[in-house]
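Next come the chains, spelled out residue by residue.
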Amino acid sequence: MTLSINYLYWLVGAILAVIALMIVSDRTHPKRLQAGSFWAIYACIFLIGERLPAELVGILVIIMALLAGFGGVVAGPARAGLSENARHQSVQRLGNKLFIPALTIPAVTVIGTLLAPYLVFNTLPLFDPKNITLLSFGLGCIVAAGLSCWLTRDNVGQSIHEARRLTESLSWAVVLPQLLGTLGLVFSEAGVGKAVSFLSTAYINMDLRLTAVIVYCVGMALFTMVMGNAFAAFPVMAGGVGVPILVGMHHADPAIMAALGMFSGYCGTLLTPMAANFNMVPAALLELPDKNGVIKAQAPTAFVLLAVNIILMYVLVFR
Amino acid sequence: MQTLVNLWPLLGVATITLGFLLHFNPLLAVAAAAVITCLAAGFPVREIFATIGTGFVKTRNLPLIILLPLAVIGLLERHGLREHAQAWIARIRSATVGRLLIVYLFVRELTAALGLTGLGGHPQMVRPLLAPMVEGAAQSRYGKISDALRYRLRAFSAATDNVGLFFGEDIFVAFGAIILMATFLREAGIEVAPLRIALWGIPTAICAFIIHAFRLYQLDRKLDREFSQHSDSVKRNVEGEPS
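Read top to bottom, the protein sequences are chains A and B.
Following our numbering, the residues of the first sequence are numbered contiguously, the last one being 1791.
Following our numbering, the residues of the second sequence are numbered contiguously, the last one being 245.
Looking at chain A on its own, in the form it has when it is part of the complex:
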């Protein structure tokens, strides 16, 4: 049997479905129907998303955006956790053992990733080779959940309650990375990349090497900021400027052009809310009042590094 990523989709879908049920049946929740249907739709997309007609999924996504946009996805009333005293006792009893389940997730992820190529039974790999890291990560979370239930003497029901608490506090931010990923695909279908590379090459004189290097690096950063993803920006900028002008016209080294171009894109990733998983979600996760707090903390690093990248490229690439 091969573990495929579908099992993780079903697991997340099942957890979200339970959370949705908990919210709908919670009479103290201020918007139980709206918030409940938001999470129920999301659960459906995980459970049977690939079997629904694509048009229907599209409509469901728009409904989710409307529910979130008009303030329907709020958290339920804060529930009292363990009392100060009970929690103190817990810390006293468990001490450093509390770290074990938390560190189990990365440990299993790494071990799984390293072992996966050898876990082949009757020519069938245990992990679907396309998603080894994510599958190991999912396995790590399951093992860690078992460990933490055992250590804390709480049960699976309690851990779902805690998952609901954190999911509700993250709210629609959980869905943002996925919707931005979708927008990236929409952009490429609609030819946004072509339009940007047309505009950036049509009006700038690329005869000077320095100009070409700057246009390519800054373009990678800016276009990554728009798309939220350097992978999406790379084919556009490398195809529009990197290969024809830097390599073709100025005889740049393609390996260096590619490597430093991608890193210029990563400088853009540090600066954009579109890179939701890295910038917006942590702000929600760490309960920052300023949703752009993480971007502000890393912006100086990103700007200096982009300048350094341009200098490195100019010095190294023409040989």
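For the record, the hints were derived by calculation from the structure and aren't laboratory data.
In the SDA-like style, the derived pairs of lysine to any residue whose C-alpha atoms are separated by at most 25 angstroms in a straight line are: (1) B/K146 <-> A/Q1564; (2) B/K60 <-> B/G44; (3) A/K1768 <-> B/L221; (4) A/K1768 <-> B/L30; (5) A/K1768 <-> A/V1690; (6) A/K1602 <-> B/L112; (7) A/K1602 <-> A/R1523; (8) B/K146 <-> A/H1560; (9) B/K60 <-> A/P1707; (10) A/K1768 <-> B/R227; (11) B/K224 <-> B/Q141; (12) A/K1666 <-> B/G21; (13) A/K1768 <-> B/S148; (14) A/K1666 <-> B/G44; (15) A/K1768 <-> B/F211; (16) B/K60 <-> A/N1478; (17) B/K60 <-> A/L1475; (18) A/K1569 <-> A/G1629; (19) A/K1602 <-> A/T1474; (20) A/K1763 <-> A/A1550; (21) B/K60 <-> A/I1513; (22) A/K1768 <-> A/A1779; (23) B/K60 <-> A/I1535; (24) A/K1763 <-> B/R62; (25) A/K1666 <-> B/L9; (26) A/K1602 <-> B/E189; (27) A/K1569 <-> B/R93; (28) A/K1763 <-> B/L20; (29) A/K1768 <-> B/L24; (30) B/K146 <-> A/N1557; (31) A/K1569 <-> A/N1557.
Negatives, chain A to chain B, calculated, CB over 10 angstroms: (32) D1498; (33) A1550; (34) P1597; (35) L1680; (36) I1686.
Using N, Cα and C, we set each Cβ at its ideal position, and we do this for glycine too.
Fit chain B to the supplied structure of chain A, relying on the hints for placement.
Showing chain B alone in chain A's frame:
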């Protein structure tokens, strides 16, 4: 040539930028941008929904990394993981905010470069462990810290994880970005060994470490200055009081 490029889909880019600038709900702004982009590209209504739906199903892997660890992290937090992480680091005398983050940056970048990207991350490492430890280090050194500073320290913890991950993983040959670049160049008729691309990532990776570590070192000095001024003025006030 010029007539072949349709510039109207750029309206989608304008929508998203405007949405973020005017602080609309991001989910709504992104959905609106997707619809507007499709309209501008001349897609029929049915295809608009289908494009969005197909994309959304295809990208279901993205939220897994946030959603899967929540049950574990929530349960451990209920039993005092964050408090324990703070108390634990407070016992280490030499731990300062900057030093702690520099060590994390180094380990994160190095392990990412070895392909071990799963060793860090915001839900499983920054929220339960790194951020509480950084707050704990600040508290044991400076006493009670303001909420504004607490949020700044948390933002720096998240930023450090990002910088370490991004500029480490691109020097690991098997990482997707390297493969993507090699494949793209091959299609453009240029044959380059992935190892060469990975090697040329090293200068930037080193610079990224130096730049961000220097900023973290500065953060320490700034905090030391702020809090020593603060405690000086408190002392002066106490001394100046007529007894």
